[in-house]
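Chains P and B, in that order, give the protein sequences.
Sequential numbering of the first sequence, starting at -8, is according to our numbering.
Sequential numbering of the second sequence, starting at -8, is according to our numbering.
Hints were generated in silico from the structure; no laboratory data involved.
Take the hints with a grain of salt, since some may be wrong.
No distinction is drawn between identical chains; accordingly, a pair holds when it is met within one copy or between any pair of copies.
Quick list of in silico lysine-lysine cross-link-like pairs, DSS-like style, CA-CA up to 30 Å [said to hold, decoys possible]:
#, residue 1, residue 2
1, K138, K167
2, K190, K167
3, K190, K126
4, K126, K106
5, K130, K167
6, K126, K167
None of these values were measured; they are calculated from a predicted model.
2 protein chains.
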Amino acid sequence: MTVSVLMFDNFETLDVFGPVEIFARHKEHYQVLFCSLSGGLITNDHGVSIMTECLSAIKEEIDIFLIPGGYGTRVEVDNLLLINEVRRISKLSTYVLTVCTGTSLLAKTGLLDAKYATTNKRAYDWVLTQGPNVKWIKKARWVVDDKYFTSSGVSAGMDMTLGFISERQGVEFARKLAYTIEYNWVEDKDEDRFFEEYKISS
Amino acid sequence: MTVSVLMFDNFETLDVFGPVEIFARHKEHYQVLFCSLSGGLITNDHGVSIMTECLSAIKEEIDIFLIPGGYGTRVEVDNLLLINEVRRISKLSTYVLTVCTGTSLLAKTGLLDAKYATTNKRAYDWVLTQGPNVKWIKKARWVVDDKYFTSSGVSAGMDMTLGFISERQGVEFARKLAYTIEYNWVEDKDEDRFFEEYKISS
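Chain P extracted, bound-state conformation (with noise of 0.2 Å):
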């Protein structure tokens, strides 16, 4: 399967680099692909560039999409050439993955509408208005509806990934690759010990 990720300006690390990290070391299966709106080098506020291709080269069926979040999200929710091409590519996927923030985007396409989803809940409310008529579920490491995979905060991405791959390959699979990496995985998507934490300090 192809993994394609949406770049963009100010991209959160982490949440482009677990679920990479997770699928490709899994190369038989995953194949991992850098896109974003112009192509070329793509940068964030934690000195990290890297080299993208264009998604307008995106044209068939992809299996999977995996979209980011970042403080660049606040921005790309009113771009509307990236928000009309992760409708089209994300129509075009058998599998779109969100994480943190990057909900927002997929969100503005009106493709999550009528169902469940979660986001990053320190950024909660912003969210919620790109995506009025979604089914928010606010305690969820991560949340499955149909072809969506939508996480939790930036770490969230990881199981979430690690679960799409349970869900695929089995749980016993995900766990040997969550151990290769000496990786704490939750694996229950409902267990979230950071809403409490966020009940608490909010």
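Mind docking chain B on chain P? Use the hints.
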């Protein structure tokens, strides 16, 4: 503090970007720079292609030198030019942090001789050959000796980075940072459940 990250072809994606996510989102304290032997684009077999500066530009003392692992280390331990640069820059650094098999590159310089250190336990036997005089600790999430912080496999680099920040800015600060990225931080450097799993599977 500046964090200079050593990059080389076929670095492990999360070894780099896990710690970078944690350091860089804390911009008022840490600034990240990616450096490689010749500068320019550095790629790995996860499809990541990242822009770097030249290591030779580092001429004065730096705060933190971060050395990731990955399959590339198997080649780079025999790259005398690179090992000499790793030695030179490690001496210039207030702290040196290694992730996973990145410890092999530091061990090869001789700077870890007679010091405690750890590494990826699945590559343990190989890494040992790169530093026969290092006091290796197999069961550890990460190890601290003098200015050297060495971590276990891949994800352990994130726990070590939070541990490093905890020593500097306090445990509550590190916990809050882990919370903002919804990361289940293993706070105890001696808590290593993967050691037990390794014993079972090997």
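Checked hints:
Taking the shortest alpha-carbon separations for K138 and K167, only the intra-copy value of 25 Å comes in at or below 30 Å, while the best inter-copy value is 33 Å. With identical chains, the CA atoms of K190 and K167 are at most 30 Å apart between copies only, with a shortest distance of 14 Å across copies and 33 Å within one. For the identical chains of this complex, K190 and K126 are intra-copy neighbours only, at 20 Å inside a copy versus 45 Å across copies, given an alpha-carbon limit of 30 Å. For the identical chains of this complex, K126 and K106 are intra-copy neighbours only, at 5 Å inside a copy versus 55 Å across copies, given an alpha-carbon limit of 30 Å.
Proximity of K130 to K167 under the C-alpha cut-off of 30 Å is found in both arrangements, the shortest distances being 27 Å within a copy and 19 Å between copies. Taking the shortest Cα distances, K126 and K167 sit within 30 Å of each other only across copies (29 Å), while inside one copy they are farther apart (33 Å).
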